[in-house]
Amino acid sequence: MSASKRLTKELADCTTNSPPGMHISLPDDSNLFKWHVILDGPAGTVYAGGRFGVVVQLHENYPFRSPTVTFATRIYHPNVTNDNLGNICLSVLKPENWKPAVKLVSVLEAVRNLLVEPQPDDPLEARIADEYKNDRKEFEKNARAYVAQYAKGAVNWEKAEAGAAAAAGGATTSTTTNTTSAR
Amino acid sequence: MDTDDDFMSNVSSEEEDMMPDDSDNDLSGDDDFDFDDEPDPDIDMQQDFGQKKKAAYDITFKVYQPQDIQKQQDDLIKEVNMILDINKEEAAILLRHFRWNKERLIEDYMEKPSQVLEAAGLSESSAEAPRLKSIPGFVCDICCEDEEGLQSFALKCGHRYCVDCYRQYLAQKIVEEGEAARIQCPSDDCNLIIDARSLDLLVTQDLTDRYHKLLNRTYVEDRDSLKWCPAPDCQNVVECGIKKKDLTRIVPTVACLCSMRFCFGCPNEDHQPAPCDLVKKWLKKCADDSETANWISANTKECPKCNSTIEKNGGCNHMTCRKCKHEFCWMCMGLWSEHGTSWYNCNRFEEKSGTEARDAQAKSRVSLERYLHYYNRYANHEQSARLDKEMYLKTEKKMVQLQKESGMSWIEVQYLNSASQALQTCRRTLMWTYAFAFYLARNNLTEIFEDNQKDLEMAVESLSEMFEKPVQELADSKLKVDIMDKTSYCNKRRVILLDDTAQNLAEGRWTFNVEFTNPTPISNTKGSSSRR
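The listed protein sequences correspond, in order, to chains A and B.
As numbered in the UniProt record's numbering, residues 1 to 183 make up the first sequence, in order.
As numbered in the UniProt record's numbering, residues 1 to 532 make up the second sequence, in order.
Hints in this document: simulated from the structure, not taken from any laboratory.
Keep in mind it's a predicted model, so treat the numbers as computed, not measured.
We put the CB at the ideal spot given by N, CA and C, even for glycine.
Be aware that a few hints might be false.
[What the hints assert, rightly or not] Cross-link-like lysine-lysine pairs, in silico, BS3-like; alpha carbons within 25 angstroms at most:
| hint | chain 1 | residue 1 | chain 2 | residue 2 |
| --- | --- | --- | --- | --- |
| 1 | B | K156 | A | K99 |
| 2 | B | K244 | B | K280 |
| 3 | B | K133 | A | K99 |
| 4 | B | K398 | B | K478 |
| 5 | A | K99 | B | K213 |
| 6 | B | K325 | B | K305 |
| 7 | A | K5 | B | K133 |
| 8 | A | K103 | A | K5 |
| 9 | B | K78 | B | K88 |
| 10 | A | K103 | B | K156 |
| 11 | B | K78 | B | K213 |
| 12 | B | K305 | B | K363 |
| 13 | B | K78 | B | K102 |
| 14 | B | K112 | B | K78 |
| 15 | A | K141 | A | K152 |
[As the list claims (entries may be wrong)] Covered by chain A, per the in silico footprint, the following chain B stretches (three or more residues, Cβ under 8 angstroms):
| hint | region |
| --- | --- |
| 16 | 136-144 |
| 17 | 155-165 |
Using the sequences and the accompanying hints, generate a full structural model.
Next up, the structure:
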């Protein structure tokens, strides 16, 4: 299967030459289709000092289908849903924009870049985007409060599991079905 | 070779007749439609269409079958291919990029060829046509395969991937996403569009078929003068030159070869004689004015002070509004304090407070009654048309039975078929006359309209009655003649009504009681998912 070979290679590239500020691991070594990524909040941003869990869920037709990338850690950001689904609005991930030659590393770079440079003109959370544009101080205060509350210490992957599975539409090779409610 | 001209000008002669005083507007350039703003009159075409004098409501249109649609594209592509000296696949991509506006494409291309090519997703490079290759040492960047002799493919941009990956990529785009005209090179940040010939090299027949189907769809959706027939399973396309700005003056009903009648100006079925904008308003109103709203208006009154809706739940006329504590009389809506001791008679008609409140009430009541008047008739014809349609299905059987019982031939019983058709068409027209009349201001024209409406309605009802007679009676030759006469009378009345209405509309003589504009764009929105 072409996906496995490609994923093995991508994972190997990532582990031998780990991209800065990211720690990539597989929650289940026998399943290449789900990655856990811990993203360090980029220095000089409101997210600095936080550790953000990001779940990458791959479709069996990867790389012809775009990956599903969600935040496992709550984050206060114009382009990430302010709930425990943690959906991200990122143009490269949209089916019509996805190109199979794009590597996961660059997707993750793009996610990280979103923390450096939020895109308030293409918001998922309109209220936060407004705040980001019009009341930057308040935004920064809130974002820091979220970091302090949610993004310190170990990432709670369990909690994000249900959300990620729902976001991937169940059409994945997910092996775990965690039925604990995502409250 | 002037296919393109033919497309655009079908209606031009008609337009001239209809709108003698609209010449300024013609030049004002409607943004949405400027793609078709071709030089208007084309004398040649008049011979095809202008043979007999048309009714005012008739518009010129053409029905194309799938092979015609293919040929139109092929002709345009061939033309651009010859004029600009670029290959056919690239010409097709350019034409799609310019939404098939050949003139603009040629003009722009002559001026700045490289920009045009880049914007359309083409490469300037004159590299040889792409083909499958096996290159030693090649590793596919998508699947990471590197085995010896792996077949690979690249567009002119040189981004090379193995054939399997290319195929899977294309299948994903074509089958899953329904994309065809703008499938790009799989490489990140490369905007090159895959051309039809490359696609044929790569994928299997069934995928190619779907690809071309999708391209046809894009073609029709890209051209404002084309519209798919909305009938289920009908593959035909109707072409009509009606533009958005014409829709206040004409109701562009077209009929497909499959006998489907629909409006070219909006997404609805035939709605003559009501113009698109009023149809939209009417449908919205009918959707809003639900049963609940009707009940509320019929059974409640508003508090004269705070306008809360109040239902009378006891026998006493002394009402106290629960919200603002206003005390008033249910009968005359006047202040209760003015009633003194004579409340049970409520004889205080002269009181100013009561008159005012009643006036407001009466106004809203009258407007509701007025709406219900038109709505009930509209709904009744809609329902009757549905029943007539069911009846039509039975007609077939009736006609067979009639042939057996009366010894009439097939051709001799066709009058029942015509009667049924006439009933359905006329009912549909009648239905929309009520929506139309709802928005008409009262004047002489409206009265003439109502007379016409009444004549048609009476004729339709009596035909409907005859039509439902049992088969034994239908065999009677007297009744047969009556039905035939009535059928043609109905059709004639319908033509008269439509003709009159359309003429007044074209000349802008109707007075409406609402603002009448043109908000409905011809629904040819690109990427609409109606025909996946």
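Tested hints:
1. Pair hint B:K156 plus A:K99 holds up; C-alpha atoms about 18 angstroms apart against a cutoff of 25 angstroms.
2. With a CA separation close to 14 angstroms, the supplied pair B:K244 and B:K280 stays within the 25 angstroms bound.
3. Only pairs whose Cα atoms come within 25 angstroms are accepted, and B:K133 paired with A:K99 is accepted, the gap being roughly 22 angstroms.
4. Between B:K398 and B:K478, the direct Cα distance comes to roughly 18 angstroms. Compliance with the 25 angstroms bound is thereby established for this hinted pair.
5. In summary, the hint linking A:K99 to B:K213 is supported, as the alpha carbons are separated by about 23 angstroms, within the 25 angstroms threshold.
6. Using a Cα cut-off of 25 angstroms, the hinted pair B:K325 and B:K305 holds, with the two alpha carbons roughly 9 angstroms apart.
7. Taken as a hint, the A:K5 and B:K133 pair is honoured in the structure, with Cα atoms around 22 angstroms apart against an allowance of 25 angstroms.
8. Of the pairs offered as hints, the one joining A:K103 and A:K5 holds, with about 13 angstroms between alpha carbons and a cut-off of 25 angstroms not exceeded.
9. Restraint check: the Cα-Cα separation between B:K78 and B:K88 comes to about 7 angstroms, which is no more than 25 angstroms; the hinted pair holds.
10. Of the pairs offered as hints, the one joining A:K103 and B:K156 holds, with about 22 angstroms between alpha carbons and a cut-off of 25 angstroms not exceeded.
11. With a CA separation close to 19 angstroms, the supplied pair B:K78 and B:K213 stays within the 25 angstroms bound.
12. For a cut-off of 25 angstroms, the pair hint linking B:K305 to B:K363 stands: about 17 angstroms separates their Cα positions.
13. For a cut-off of 25 angstroms, the pair hint linking B:K78 to B:K102 stands: about 11 angstroms separates their Cα positions.
14. For the proposed pair B:K112 and B:K78, the alpha carbon gap of about 21 angstroms is at most 25 angstroms, so the pair holds.
15. For the hint linking A:K141 to A:K152, the alpha-carbon distance of about 16 angstroms falls within 25 angstroms, and the restraint holds.
16. Given a C-beta distance limit of less than 8 angstroms, the hint that chain A covers the region 136-144 of chain B holds, as 4 residues qualify and 3 suffice.
17. Evaluation of the coverage hint for the region 155-165 of chain B: fulfilled, as 4 residues show C-beta separations to chain A shorter than 8 angstroms, against a requirement of three.
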